[in-house]
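A.B. asks: So you can see what is in the structure, the chains are spelled out below.
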Amino acid sequence: MADEDQYRGDDQIDEEEEETDESGYKTVKDAVLFAIEVSDSMLTPRPSSDSKKPAEESPTTAALKCAYYLMQQRIISNPRDMIGVLLYGTQASKFYDEDENSRGDLSYPHCYLFTDLDVPSAQEVKNLRALAQDGDESKDVLKASGERVSMANVLFCANQIFTSKAPNFLSRRLFIVTDNDDPHGDNKSLRSASTVRAKDLYDLGVTIELFPISRPGHEFDTARFYDDIIYKASPSDPDAPAYLQTDSKASPATGDGISLLNTLLSNINSRSVPRRAQFSNIPLELGPNLKISVSGYLLFKRQAPARNSFIWLGGEQPQIVKGVTTQIADDTARTIEKWEIKKAYKFGGDQVAFTPEEMKSLRNFGDPVIRIIGFKPLSALPFWANIKHPSFIYPSEEDFVGSTRVFSALHQTLLRDKKAALVWFIARKNASPVLGAMVAGEEKLDESGVQKFPPGMWIIPLPFADDVRQNPETTLHVAPEPLIDQMRYIVQQLQLPKASYDPFKYPNPSLQWHYRILQALALDEDLPEKPEDKTLPRYRQIDKRTGDYVLSWADELEKQYAKISAHGPKSTLVKRSAKDRTSEVEDAAQKPYKKVKVETDEQGVEDVVRAHYQKGSLSKLTVPVLKDFLNAHGRSAAGKKADLVERVEEYLEQK
Amino acid sequence: MADKEATVYIVDVGRSMGECRNGRSVTDLEWAMQYVWDRITGTVATGRKTAMMGVIGLRTDETSNELEDDVHFSHIAVLSNLKQFLMPDIRKLEDELKPSKTDKGDAISAIILAIQMIITHCKKLKYRRKIVLVTNGQGRMSDEDLGEIVKKVKEDNIELVVMGIDFDDPEYGYKEEDKDPHKAENETLLRTLVEDCDGVYGTFEQAVAELDIPRVKSVRSVASFKGYLQLGNPEEYDSALRIPVERYYRTYPAKPPTASSFVLRSEPEAGQEEAESSEAAAATQKGSQSGDAGLTTVRTMRTYQVEDKSAPGGKIDIERDELAKGYEYGRTAVHISETDENITILDTFAGLELMGFIQTDQYQRYMHMSNTNIIIAQRANDKAALALSSFIHALFELECYAVARLVVKENKPPVIVLLAPSIEPEYECLLEVQLPFAEDVRTYRFPPLDKVITVSGKVVTQHRNLPSDDLLDVMGKYVNSMELVDADEDGDPVETFPIDDSYSPVLHRIDAAIRARAIHPDQPIPPPSERLTKFSHPREDLIEKSQKHLEKLIEIADVKKVPPKAKGRKRTRETEKPLSGLDVDALLHHEKRVKISPNNAIPEFKQTLAQAENIEAIKDATKQMMVIVEDQIKHSLGNANYDRVIEALGTMRDELVSYEEPASYNDFLGQLKDKLLQEKLGGDRQELWWLVRRNKLGLVTQRESDQSRVTDTEAKEVSLTKMKE
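These protein sequence lines are chains W and X, in that order. 850 is the number of the first residue of the first sequence in this note's numbering; add one for each residue after it. 10 is the number of the first residue of the second sequence in this note's numbering; add one for each residue after it.
Heads up, some of the hints might be wrong.
[As the list claims (entries may be wrong)] Heads up, simulated DSBU-like pairs for lysine-lysine below, C-alpha to C-alpha not over 35 Å straight-line:
#, chain 1, residue 1, chain 2, residue 2
1, X, Lys569, W, Lys878
2, X, Lys101, W, Lys1191
3, W, Lys1354, X, Lys628
4, W, Lys1171, X, Lys101
5, W, Lys1347, W, Lys1379
6, W, Lys878, X, Lys324
7, X, Lys486, X, Lys467
8, W, Lys1037, X, Lys628
9, W, Lys1379, X, Lys421
10, W, Lys992, W, Lys878
11, X, Lys569, W, Lys1278
Hints were generated in silico from the structure; no laboratory data involved.
With the hints as constraints, model all of the structure from the sequences given.
C.D. replies: This is the structure we're talking about:
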């Protein structure tokens, strides 16, 4: 069956890793439709409070920027998921092939489907950016209608978009951005029509998420209208514990446009991905005959750029090529059906075969479970005992009523007593059993009280004896106290903010660069020159804060080294010349071959190479010297001698 | 590379080896072979060409060895010379190692032959030489020239291992009662010989007991990074600090062997002429039961297609060489020519650059993202070792971790790593683990566990989802009573997690199964050894110790299991309400939606059911849905509407099951299938039926709903029945 690929779901690249598809018949995808109100008050720019940045931002443009930002972000993080932008309250109307110029009545007057719900195309990204950044088009589109728009109609318009464009999606969400907390006032029929249409959306499995914006002088009050529209539970996941704290928080009314944008952005950001379980409702066995149910989530997962794909250039536009795999027998090249395939292991030059049932039974160590084997002090968990990211678990009442209170009791106990549980963990049917350390995690909030890390337990998979490598041999030279003292001063100078690591501060530079370039190519724009890399250390600050300490540490190192070194200090290569005072610990003389070949006891590789470069005689140097030089500067040392010389030249030319 | 190995096994197959002794149900030979096969297959499993084995049969009926003319060397047969063992060798050996009809043959002579075999094969090359003798110590052994043997063994650095059946071993604590004095003499002889050769002497009791300890493959690590630990930028600042370091794995997940796919070789004639026909397929299927002979490998073939609305079937095939490389940006294809291949790669230079330091107590252990590594100073560089040591100790004394940016090779993507000091009496290093980037964190929010916040924003501390003080109290006691206290060999408590003692269950299970199947192809696979599942349940003593707290905990926790069939049901048919609690149903009633409209079918179907006052209304709603679904299929261009159809079917199935009307769904599905079969709904709709099956939307069975009379088998049959070919 050739079409099988199409439905297999591209998400399941790594069977062991990916979240499971326990959604039954639903496709594990997410569709987000922004519904952004366009009204006079939404279009009124709010000045910046910061006089240095006089940028103005209206609630509508702020919302569009958020949509644009989310669109870009999802191309990276969820390349199969859909996003769309619907403006409402506009003077103009547009819904697929209908607009004001169409014949007959408009189905959805004052609704303007700006970006159709789909995996975004480069052109759509470009259009949305133009609209958000006051392009020419925006003047026509972003014009408020004099007439009042019916919320019932807006909701039904969204309903139709979801029904036709994202059928059978597991997650469908409508993001409403508005500053109007009471669109229909006392008009009972319009109100009740809206609530009925909202119920339709709920029954269709669409979650409405409200991003309310307060107007100057008026706090957004959800009780006036939106509490009738929004439901407690998520329709696609009725058992998911609802997080209510921030949902009712409106963006600030104070006139500042930038802070409005930032609040909105962080609100949307926190809901950018729908919550997907790694496993649902599996038993957590506290002891024989005491089970509760929990669900697991992956809160950390390495995000990597999508692999490159085949492109066909024969059409009008470059097209993605879909590969279809068929399995054929090696002898006759006939196509093979799945049931014909046998599995065998190579052993002693032969095949040792197993039936499919046997293959299954080899991996079967029982039903999914998290079983507590005992408890240990948290301090017994070594730093190095780790093989991959953890799973986060949170109680569910689905299988066992009372799970939450028991889980909470265990959570509080482990936190208080600083203990961890040793667990036997099988995440799903036929998954490899894992021995894990289950540790309790506290809820972490950011400055504005928004949750950063949820309260719950983390299962950290432990390495098996098979996964532990032996330390390679080295000679031990324990640093004497004076040297440690000097190093301590250095360490004390460079604490990160709050003395903790905040992952949100460090976007992945190579991932971002990859998509920046792709975006520029896709949109036919100039390539960006320099990447933004927050992971690069702040060299100037390091020099300012630690420079003197480093130099005295280096002096101390010389002294101490002289004591242990049989040769005395003559082999020192810490260059303290005025030209280059890099406190290098590198010790070329230590390595015999260098000593022989370099023939320069006093000069380091560095100086030799530089000297040859000046004379244009780099090729006279030996390969090991060139390699050492390149390695010392973090350059690749692979390839033939000519390549090495070229790379050294390239490096020194830049200086 | 591991060292070359040459091991000669001397297996005693004398008549007395065919007897069962000391209450065992297996013969001495069978017992001994458990050990020998384990060793041999263990070596074969490595697949190493340089791991050579040879086998000598002792007390065999025949004599075949290079000194066979000498009477001292009679009843000894070289069954296999030193070579890499493959499956045919194992099969041959399995045939040959049977108890003989004689008890003649001298073990010491066999050792001499084994030494000779090793000397001939290994010459003076670098080998790990080993001789393993397994015997029950019966029969005659000569004690002549033992000194000469010891000299040879030591000279050639051969490890001599003697494993005896029911040999006394005071170290292990085994002593055979009523030992035959002749055997005792032999034991003493062998023991002295082994001790003189600095070899290993053991009893089978121990060897067999330890067989199920999985062997952990030790892997010699290669540095994954050699470069500098840097603080500051040496290109720009004089004050930059650089220490040459190397990085090695500390942990790395060992993977079980991977199986490859095979199919039966086609029958020459049937294969060529009728490979496609179903009869031929059935014939091959039958053939598979008759044996595994004639397997052929499975190859994967890829074909390439692009969508083209104008082409028949909506797709056109593309040849492999017409393809270019590129990436997807959203749904736009971005072509990147070969010359620009690296355009999306960030320029980086190798190095381990310090970004800053954090306090250990401010770090959350769950942020560990990867396996761990160690960082040590460049080897044979004393100054670097000294420098790194000062860094390690400074971190330790200040209770700090370092955060650093690691690029292992030029132009590789940077990762952020956490560096922790590790100081042991004989070893110092930095431990390293990867940290998440912003993109790697998913912000899913969950309500607090120690309080409940109501819809109105009120904070509640007494709630059915919160533990009472009693529950907290008994939980604390239970956790205490389940504290794992492990002891090391000296009986001192060990305060670490039991990592050294835990073996990857899947890896060793598969490994053991392959070896078992290789020796005994006809036997079922043995169950996993107990050592592999040692940590699958709490220890008995712990359960006992904590019993009374657990009972109390169960009582106070009062957890109630939800019966399986009640799961996911609309327990009271009470519909969900919006935040305000407004009764939308009343409004809906008021609106009177008479007919389900096709463009809002799913919500209206659900609402109609919610308001249905009798079964007729439910049936009517189902009928309306049926018309809508059929219409969607009929008007579907290719598979365009299939997802909508599946969603509708899934919704109907779920709803009708929860309203206890599965028969309506089953009737409907039966009719739908007939229509699809007869191609009444716009031609060939095979793919749609395939989707129905794949999404498990077939008949509702008894297991799922008490009201259904459909059995699993019936349901399977309905969904499996092939569409018309």
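A.B. asks: Hint by hint, say whether it matches the structure.
C.D. replies: Evaluated hints:
no., hint, in the structure
1, X/Lys569 - W/Lys878, "holds (34 Å)"
2, X/Lys101 - W/Lys1191, "holds (26 Å)"
3, W/Lys1354 - X/Lys628, "violated (57 Å)"
4, W/Lys1171 - X/Lys101, "violated (50 Å)"
5, W/Lys1347 - W/Lys1379, "holds (29 Å)"
6, W/Lys878 - X/Lys324, "holds (24 Å)"
7, X/Lys486 - X/Lys467, "holds (32 Å)"
8, W/Lys1037 - X/Lys628, "holds (34 Å)"
9, W/Lys1379 - X/Lys421, "holds (17 Å)"
10, W/Lys992 - W/Lys878, "holds (34 Å)"
11, X/Lys569 - W/Lys1278, "holds (24 Å)"
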